[in-house]
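Enquirer: Residue 562 in our numbering sits at position 159 of the sequence shown, with consecutive numbering throughout.
Hints are computed from structural coordinates only; laboratory data are not their basis. Keep in mind it's a predicted model, so treat the numbers as computed, not measured. A few of these clues could be false.
Here are the computed distance ranges between Cβ atoms for each label pair [to be verified]:
#1 Ile625 x Asp566: 14 to 20 angstroms
#2 Gly463 x Asp684: 18 to 24 angstroms
#3 Glu480 x Glu599: 27 to 33 angstroms
#4 Gly612 x Asn492: 28 to 34 angstroms
#5 Tyr581 x Asn492: 41 to 47 angstroms
#6 Asn483 x Glu418: 43 to 49 angstroms
#7 Ser447 x Glu599: 47 to 53 angstroms
#8 Gln691 x Gly651: 15 to 21 angstroms
#9 Lys607 x Pro465: 29 to 35 angstroms
#10 Gly463 x Lys616: 28 to 34 angstroms
Every residue gets a Cβ at the ideal spot worked out from N, C-alpha and C, and that includes glycine.
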Amino acid sequence: MLSKKIYEKINTLIETKDIVLNANMAKYCTLKLGGNVTALVNVSDEKQIIHAISIAKEFGLPYHIIGNGSNIFVYPEKYNAVIIKISKNMANISIEGDILIVQGGTSLALLSQKAMEFGLSGLEFAVGIPGTIGGAVYMNAGAYGSEIKDVLIRANTISENGDVFVRTNEELDFKYRYSKLQNNNEIVISASFKLEKGDSNAIKALGDGYKAKRIATQPIGIPSCGSTFKRPINNIAAKLIDECGLKGYRIGGCSVSKKHAGFLVNDNNGTADDYYKLIMDVRNIVLQKTGIYLDTEVQILGG
């Protein structure tokens, strides 16, 4: 059995408790749905990451690196792949003046909170964003007019062969929801951010304002991947979806949020098939009615 052979190989370096065979990805992503994968491996350091990648390649299987699983879902119901999950052990935060040095497994929301506690401004926009630093750099996460690229100095990365790089902001070639990491397959081990010292109360007030806005306008507490679609040029995906009358549109257990049309949610025990079909329906209807194609922000692993 393939999964057993993979397990035996991975287990030479990674403990049994950190290897899940035939893993149901609904347990590992914020959407709370998704297919099963051949194996999910929790890794705690660079050596384990490279080991897991090498085993996946040895067996000819695709692999994917995830953090909190806040921007991914697995489709179809069975996907022969290895998911490598960055452990919360890789989540150290250190501070040198106005520079924060952070490991890739650190929660972006937690980092934003810590920055505010330190009286450092620049990450308030990230309050409530559930992803990790690795994923945030990879996707150039952003909200409310700010992005990771605005404060990142450099990222320490490794290649699938174990080569180590220090990538500057310029080298990462940031664009809207894009970094060069999406093309070179390097993995973020840590990142350094240059923030601005300021008044702690004022910084906290700004962060609290963003948090309140999220709660007021987004379906917080309902499983989702956040914004499902990227922003089209000179337009807003949620606005287009709303104008097409799609708020509340449903496929099985998944629907377009009535609170925020940019969020496709799993509000009634949906399946991967439900969610995938909902994405396709929304995209096709918007294209037919407006002529605008909506590209997904959520990563469909296996689709």
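Enquirer: Please go over all the hints and tell whether each is borne out by the structure.
Expert: Going down the list of hints, with the structure as the test:
Taking the beta carbon of each, isoleucine 625 and aspartate 566 are about 41 angstroms apart, not inside 14 to 20 angstroms as hinted. At about 34 angstroms, the CB distance of glycine 463 to aspartate 684 disagrees with the hint of 18 to 24 angstroms. Separated by about 47 angstroms at the C-beta atoms, glutamate 480 and glutamate 599 break the suggested range of 27 to 33 angstroms. A hinted range of 28 to 34 angstroms for the beta carbons of glycine 612 and asparagine 492 is consistent with their spacing of about 33 angstroms.
Restraint check, tyrosine 581 to asparagine 492: a C-beta distance of roughly 29 angstroms breaks the suggested window 41 to 47 angstroms. Distance hint check for asparagine 483 and glutamate 418: the Cβ-Cβ separation is about 24 angstroms, which falls outside the suggested range of 43 to 49 angstroms. In this structure the supplied range 47 to 53 angstroms is violated for serine 447 paired with glutamate 599, their Cβ-Cβ distance being about 33 angstroms. At about 19 angstroms, the beta-carbon gap between glutamine 691 and glycine 651 stays in the expected band of 15 to 21 angstroms.
A hinted range of 29 to 35 angstroms for the beta carbons of lysine 607 and proline 465 is inconsistent with their spacing of about 43 angstroms. In this structure the hint that glycine 463 and lysine 616 lie 28 to 34 angstroms apart at CB is violated, the actual value being about 46 angstroms.
Of the numbered hints listed earlier, those contradicted by the structure are 1, 2, 3, 5, 6, 7, 9 and 10.
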